[in-house]
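**Q** What follows is each chain in one-letter form.
Protein chains: 2
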Amino acid sequence: MPIDANADIEITGFAWVPDFARGYVRDLRPRWACEEAGIGYRQRLLDFETAKGEGYRQEQPFGQVPAYRDSEVQMFESGAMVLRIAERSEKLMPRDAAGRARILTWVTAALNSVEPFVFDLVNIDTFNKDAEWAKLRRPQVIDSLRGRLSSLSNWLGDKPYLEDDFSAADIIMATVMREVSDDALMAEFPNLIAYRERCLDRPAFKRALEAQLSSFSAEPAMA
Amino acid sequence: MPIDANADIEITGFAWVPDFARGYVRDLRPRWACEEAGIGYRQRLLDFETAKGEGYRQEQPFGQVPAYRDSEVQMFESGAMVLRIAERSEKLMPRDAAGRARILTWVTAALNSVEPFVFDLVNIDTFNKDAEWAKLRRPQVIDSLRGRLSSLSNWLGDKPYLEDDFSAADIIMATVMREVSDDALMAEFPNLIAYRERCLDRPAFKRALEAQLSSFSAEPAMA
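Chains as they are written, first to last, in my numbering: chain A, 1 to 223; chain B, 1001 to 1223.
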């Protein structure tokens, strides 16, 4: 447990990715949720060619990982599947309507109100570092992201987690914070750095990360 | 109905926005969901100053609209509140676990796998049209968005909606499609244009749009 070849839950991942992506592929999120909840899952590893093929696109229309299935449902989108897994465990989401609504709200906020701004910066710093447009654009991207981080920092204050207890929302938000590619910007928000560390120090996160890292083969499969 | 001063549901909106934003503010989404479900809501209109203030940020940490409350829960994020409203009506989401998981999946996909790419283009075409970086960057943004639209178009095929019946997922995806600012790009995907029209032709959408448009005052409030 949690990786268990006979588990009800199946999560797809890649059999190989380049070094810079290792530990950041999004199957990390449902792996982490399963580790927190103590729920087993089996992994199904794909090469890129299979992921882009017509067959797999019935499971994941954008040709990405992860896709998810259990005995009841078939899904894609890491945020959605973390909410699905959270329905099985109070460790990830309260049972009452008010508490559930907060977790759904914060998962959505992480995915639509914060992560797109983080991606804008990743797109510059990781994929377009030397492009002329990126140099011209970067200051505005930093300012926009700063605004979002500032709002998040104000909300968090000295609370340990987004809501009362650690939840599915922190899995998504902490993985988003982990993608911020400018350390000086993050340093403006010490409580966000502490929050990120608090989440990533959890044994369940470390097990999920190790599970992803150890799933990669040394070399890509030959076509 | 659905705007009803005594309704259980409260949705916030802006009392005034510039012309280019009218009809596109995100309270449109929960308004539409309420109209489809025939569930009443009351609106609470804010000026920008109030929305950015500390008090409102307890409801909406990013200082935006909409925020939402009903007798049980308090939320923000339009995608999350549409899912909340959908729990009250089979017109927006099936009752079975398998069907619910599909709607959650597609709402998340629209918000995290499609809308960020649409925003990239809006950011160029609406807010930075004459900037040097925008001219250099635009072809790549078009290519990335084309990839997402192509995947979505392949999934949709000749289906009328993302899943069997119209649902909360189509509310989010159709409002995302409505934001695509390049008609020539959309024209590459006739089934997406037809899908968008099919959704936006619904009487409930038209009522929601009219409700938002008629909520704006002619002039911003004086500070």
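Check the hints yourself; a few may be wrong.
[What the hints assert, rightly or not] Quick list of in silico lysine-lysine cross-link-like pairs, BS3-like style, CA-CA up to 27 Å:
hint, chain 1, residue 1, chain 2, residue 2
1, A, Lys159, A, Lys91
2, A, Lys159, A, Lys129
3, B, Lys1129, A, Lys135
4, B, Lys1091, B, Lys1135
5, B, Lys1129, A, Lys129
6, A, Lys135, B, Lys1091
7, B, Lys1135, B, Lys1052
8, B, Lys1052, A, Lys129
9, B, Lys1052, A, Lys159
10, B, Lys1206, B, Lys1159
11, B, Lys1052, A, Lys52
12, A, Lys206, A, Lys135
Derived from the structure by calculation, the hints contain no laboratory data.
**Q** Please go over all the hints and tell whether each is borne out by the structure.
**A** Against the structure, the hints come out as follows:
1. A:Lys159 to A:Lys91: holds, 18 Å
2. A:Lys159 to A:Lys129: Violated. A:Lys159 to A:Lys129 sits at ~35 Å, over the 27 Å cutoff.
3. B:Lys1129 to A:Lys135: holds, 17 Å
4. B:Lys1091 to B:Lys1135: violated, 43 Å
5. B:Lys1129 to A:Lys129: holds, 22 Å
6. A:Lys135 to B:Lys1091: Roughly 48 Å separates the two Cα atoms, so the pair is violated.
7. B:Lys1135 to B:Lys1052: Not OK: B:Lys1135 and B:Lys1052 at ~32 Å, beyond 27 Å, violated.
8. B:Lys1052 to A:Lys129: Distance of about 34 Å is beyond 27 Å: violated.
9. B:Lys1052 to A:Lys159: holds, 21 Å
10. B:Lys1206 to B:Lys1159: holds, 22 Å
11. B:Lys1052 to A:Lys52: Distance of about 43 Å is beyond 27 Å: violated.
12. A:Lys206 to A:Lys135: Since the Cα atoms of A:Lys206 and A:Lys135 sit roughly 35 Å apart, the hinted pair is violated (cutoff 27 Å).
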